[in-house]
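So the chains spell out like this:
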Amino acid sequence: MPLVQFAPLSSLVQPVLWHKLTDLKIDVLKLSDAAVPLTGSYTIGRTIKDRETGQDIALPCNLTVGAESFESDFKAPHGSVTAPGMLRNFNTIEEFKAVDKTALFNEEAQLIWDHILKTRDTAQLNRFFVITFADLKKYKYYYWFAFPAFVAKPAWEIGDDGWKRAHAELGIEQLTFIHSHLRNSASPYFLVGKDTFGKVKAGPVEDYSSFFSSTGPEDQLIGFVDPSADPANPGWPLRNLLAYLRALYPSSTSSIKILRWRDTEAPSPNAQWKSQIGTLTIATTTEAISEANTRPTAVGWEKNPQGKLGPRMADLAPMMDPSRLAAQAVDLNLKLMRWRILPSLDLDKISSTRCLLLGAGTLGCYVARALMGWGVRTITFVDSAKVSFSNPVRQPLFVFEDCLDGGKPKAECAAASLKKIFPGINTVGHSMSIPMPGHPIPNNPTSLNQAKSDVAKLEQLIDEHDAVFLLMDSRESRWLPTVVGASKKKIILNAALGFDTYLVMRHGARASSLTTGHDGKPHQKLGCYYCNDIVAPADSLTDRTLDQMCTVTRPGLAPIAAATAVEILASLLQHPDGLYASPPPPTTTGSANMDDESTNSVLGQVPHQLRGFLNQFRAMPLVGAAYDKCTGCSETVLKAYETQGFDMLLKAFNETKYLEKLTGLDKLFDESEAALESVEWEEEGEDDF
Amino acid sequence: MFTRDQFERACQVFAKKHSQWKWASARNPGYGYLMRTTTHMRKSFVQTDELAELVEDLEEGVEVITSADLASSLTVNVVENIVYCASFSVPAFYFAVHNSSGAPLPLNEIIQTSFFKISLPKDATSNDFALTVPSGSFPLLSQGDHPTLGAPWWYFHPCETDKAVGEFMKEEDQALCEDERLIRWMEIWLMIVGNVLNV
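Just so you know, the protein sequences line up as chains Y and G, in that order. In terms of my numbering, the first sequence has 429 at position 429, counting the first letter as 1, and numbering is strictly consecutive. In terms of my numbering, the second sequence has 154 at position 154, counting the first letter as 1, and numbering is strictly consecutive.
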């Protein structure tokens with residue numbers, strides 16, 4: 001005859017339990033690892049239908065611990081029975097690992113056994129315990145459940161015809177009776193028999209010795225609420241019931257009929273009762289009877305999901321760690337944009353773009369804010385100045401305190417500010433100067449080494465980022481990052497402010513790297529900030545008047561320009577050609593060009609340049625072609641930089657005519673000067689754009 | 001449309017008829033909600049073996065167990081709440097999904113449990129979720145603050161609920177008493193939710 005196989009219990013922890021354990025540890029337990037009473041519950045086994053195969057899958061036998069498990073007056077939820085238990089929480093993972101698990105297990109098993117023999121009741125038969133370690137800093141909970149069950153030796157066997165349908169033996173009336181009895185008493189174990197009138201009766205297992213006085217042997221049923229939904233195998237709680245019967249009534253329990261109660265509700269008219277009856281037998285030997293009072297060995301540690309004997313872990317950081325919650329909320333907010341409006345938006349492309357902001361002033365602060373709104377996770381600041389008293393009102397990452405004691409360094413202060421806004425941001429500030437043409441490096445080792453390391457630092461920073469924002473307050477400081485960025489094929493966004501005008505543009509990709517776009521047309525040669533210049537950038541900072549030194553602008557201008565720069569980046573990143581995206585053809589009329597959308601990304605156009613005029617509340621898209629004699633991005637300059645490195649840069653910084661000679665602009669200048677000589681012009685002042 | 005009192009009344013009578021649902025009262029009157037816990041399964045499960053070093057060599061002897069053991073890691077626990085949404089004056093369906101250890105499931109895994117009826121197109125990046133909304137009857141899934149508990153829960157946006165259920169209510173017997181009407185409203189609404197979820 002086949003051996004009876006038991007379906008094991010599986011722990012099912014509700015998150016509230018971990019919250020309660022945390023509170024308990026902080027308020028009550030503190031460092032104590034003493035046992036705390038815990039009540040679990042389990043229900044009759046359920047099945048669900050697999051959508052794909054249409055088959056019924058038996059759910060595991062779950063022992064649930066949840067919100068009220070620590071309460072002393074725990075009431076089983078409707079349709080379930082309770083199991084008493086205990087929890088021991090250890091203070092370190094080492095203690096958790098080191099505790100003598102076998103000893104602990106045996107202690108619990110002994111407790112159950114003593115209870116059976118001394119009190120003769122079934123209250124502790126389905127007792128369980130769990131050991132835990134709560135890592136409150138990381139919101140991780142390590143735990144290991146055990147459901148001690150006594151091993152029957154020899155093992156129980158079941159009749160060859162196995163578990164039969166209960167309603168073959170019991171009529172609907174009897175089954176309904178049992179069902180309502182259990183509904184009222186919610187007991188995990190019970191007896192079913194017949195009273196003196198032959199009517200079915202049910203009662204507690206503790207009444208075993210007298211219960212079956214008027215019941216014939218065929219009608220004597222020992223029942224239990226079965227968490228197993230597997231028709232072939234009964235649930236774990238049966239084991240200790242069998243051990244109980246063998247210990248207390250060895251002479252009359254070598255063959256018993258077990259009722260596996262598996263009906264939560266009476267079945268609908270088309271369905272059948274699920275409960276089953278089986279006849280279990282056990283071989284009796286004289287030593288078995290005499291050893292009836294010695295505690296059998298017990299098994300029951302829960303296996304981990306890999307099937308090994310080891311603990312489990314609940315990672316509740318996503319729910320409890322506030323930084324994680326913030327990150328999730330930010331992501332969700334962006335996804336709403338995607339779900340509701342633009343399903344083809346690639347948000348990850350934007351949020352994973354590493355942005356380097358050269359300049360942490362008005363433009364830098366607003367650019368950083370807009371980037372964070374897009375979910376960008378890496379923002380690095382470079383600035384050489386300190387926060388001054390006039391800054392906080394126009395530069396939203398700084399506050400009054402940052403100006404005191406000489407002022408905090410802007411780059412680091414901006415980074416710290418970002419972290420306060422969103423802790424999950426990856427941000428660093430670097431206080432450093434960017435060497436520039438027209439500002440010669442003094443010819444001494446210290447200065448030269450400083451310049452060298454500044455250049456190397458800038459090269460490294462540009463290397464480590466995907467997009468570089470040029471947000472400084474001078475023309476010539478943008479030269480070096482333009483050259484390095486073009487050489488490294490990075491996305492460069494440039495923003496510059498006048499009093500009530502702004503320029504925002506993206507630098508064109510390096511001419512030698514242009515091929516064909518997604519639309520089959522060749523990439524356009526787009527220019528950089530310096531492409532329209534006929535002179536090299538020079539010193540524009542010395543001998544300025546006060547109003548020229550601090551870029552005085554209409555306050556609303558910087559946020560507009562900064563936001564525009566970020567949105568151009570967003571649109572560019574969504575374009576299949578990226579850095580090589582074609583701008584919309586320039587319109588000569590004022591109307592927006594909606595016809596030719598082939599150049600657009602999912603967010604719309606990717607302009608090359610936008611010149612804004614705040615006095616007219618107008619922005620004009622422009623396209624500037626790349627100039628082959630440009631001091632910033634022409635192949636001549638880039639090749640010279642790539643072959644000669646710092647030496648070339650040093651010449652650019654120190655020698656006023658070097659770049660013009662290198663690119664051939666000097667000759668052009670001479671030629672055009674000669675042409676100009678022959679014509680009388682009215683000269684206007686140059687706008688510093 | 002429900003007032004808060006009507007909502008509470010509807011929940012009480014509904015819970016009486018459908019005993020799986022229980023009323024949970026809150027500190028503030030009118031902020032109570034219906035709750036129910038159900039178990040579901042997920043299709044597949046890949047767990048990192050970070051706990052491998054904690055595995056022990058315990059003498060467990062020859063054990064006769066069944067295969068249901070390994071399925072335990074595929075169990076998910078779903079807590080369902082029916083909460084009053086003040087902005088739309090209707091009940092809203094909130095739920096939270098956890099695995100057997102109590103940890104919450106990310107959205108892409110929730111969709112793949114037996115809790116969800118329709119299978120949605122698989123997406124390359126995780127956490128992406130795009131629902132095609134048949135006009136009118138089916139609201140969008142979002143994550144938001146539970147009105148009473150404050151924690152982030154998943155919920156179906158209730159903007160279309162009133163209209164959708166209203167259509168069905170028109171077909172109902174108008175001679176029902178108030179309580180029966182309320183119960184019927186809830187049942188119809190849950191059927192609509194049931195188009196997408198196994199409730």
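Hints are computed from structural coordinates only; laboratory data are not their basis. Don't be surprised by glycine CBs; every beta carbon is placed ideally from N, CA and C. The reader is advised that the hints may include incorrect statements.
[As the list claims (entries may be wrong)] Result set (DSS-like, lysine-lysine): computed pairs, CA atoms no more than 27 Å apart in a straight line: (1) Y/20 - G/22; (2) Y/49 - G/163; (3) Y/308 - G/43; (4) G/22 - Y/335; (5) G/163 - Y/274; (6) G/43 - G/163; (7) Y/274 - G/170; (8) Y/75 - G/43; (9) Y/490 - G/170; (10) G/117 - Y/49; (11) G/43 - Y/274; (12) Y/49 - G/170; (13) Y/153 - Y/335; (14) Y/75 - Y/101; (15) Y/137 - Y/420; (16) G/43 - Y/49; (17) Y/75 - G/117; (18) G/163 - Y/75; (19) G/17 - Y/335; (20) Y/349 - Y/274; (21) Y/138 - Y/153; (22) G/16 - Y/521; (23) Y/140 - G/163.
[Stated by the list, open to error] Over the 12 Å line for every Cβ pair with chain Y, so calculated as not near, a few chain G residues: (24) 9; (25) 24; (26) 26; (27) 36; (28) 57; (29) 76; (30) 87; (31) 103; (32) 145.
[Said to hold, decoys possible] Label-pair restraints from in silico Cβ distances: (33) G/5 - Y/33: 40 to 50 Å; (34) G/106 - Y/249: 23 to 33 Å; (35) G/178 - Y/341: 50 to 60 Å; (36) G/171 - Y/338: 30 to 40 Å.
Okay, the hints, checked on the actual structure:
1. Y/20 - G/22: 21 Å, holds
2. Y/49 - G/163: Cα-Cα ~32 Å, so violated.
3. Y/308 - G/43: 21 Å, holds
4. G/22 - Y/335: 34 Å, violated
5. G/163 - Y/274: It is violated: about 41 Å lies between the C-alpha atoms, which goes past 27 Å.
6. G/43 - G/163: 34 Å, violated
7. Y/274 - G/170: Violated, at roughly 39 Å.
8. Y/75 - G/43: Status violated; Cα separation ~33 Å.
9. Y/490 - G/170: 62 Å, violated
10. G/117 - Y/49: 11 Å, holds
11. G/43 - Y/274: Holds, because 26 Å separates the two Cα atoms, which is no more than 27 Å.
12. Y/49 - G/170: The given pair, whose Cα atoms are some 33 Å apart, is violated under the 27 Å limit.
13. Y/153 - Y/335: Violated, at about 60 Å.
14. Y/75 - Y/101: Distance of about 30 Å is beyond 27 Å: violated.
15. Y/137 - Y/420: 20 Å, holds
16. G/43 - Y/49: Roughly 12 Å separates the two Cα atoms, so the pair holds.
17. Y/75 - G/117: 33 Å, violated
18. G/163 - Y/75: 40 Å, violated
19. G/17 - Y/335: Roughly 39 Å between the alpha carbons, so the hint for residue 17 of chain G and residue 335 of chain Y is violated.
20. Y/349 - Y/274: It is violated: about 54 Å lies between the C-alpha atoms, which goes past 27 Å.
21. Y/138 - Y/153: 45 Å, violated
22. G/16 - Y/521: 70 Å, violated
23. Y/140 - G/163: Outside the cut-off at roughly 44 Å; violated.
24. 9: With a cut-off of 12 Å, residue 9 of chain G remains clear of chain Y, as the shortest Cβ separation is near 21 Å.
25. 24: Since the minimum Cβ distance to chain Y is about 10 Å, residue 24 of chain G lies within 12 Å and the statement is violated.
26. 26: At about 14 Å from chain Y, residue 26 of chain G clears the 12 Å cut-off, so the statement holds.
27. 36: 10 Å, violated
28. 57: 8 Å, violated
29. 76: 9 Å, violated
30. 87: 16 Å, holds
31. 103: 5 Å, violated
32. 145: Since the minimum Cβ distance to chain Y is about 10 Å, residue 145 of chain G lies within 12 Å and the statement is violated.
33. G/5 - Y/33: 40 to 50 Å: Holds, at about 49 Å.
34. G/106 - Y/249: 23 to 33 Å: Roughly 52 Å apart at Cβ, these two residues miss the hinted range, so it is violated.
35. G/178 - Y/341: 50 to 60 Å: The hint (50 to 60 Å, Cβ to Cβ) is violated, given that residue 178 of chain G and residue 341 of chain Y are roughly 41 Å apart.
36. G/171 - Y/338: 30 to 40 Å: 37 Å, holds
Against the hints set out earlier in the document, violations occur for numbers 2, 4, 5, 6, 7, 8, 9, 12, 13, 14, 17, 18, 19, 20, 21, 22, 23, 25, 27, 28, 29, 31, 32, 34, 35.
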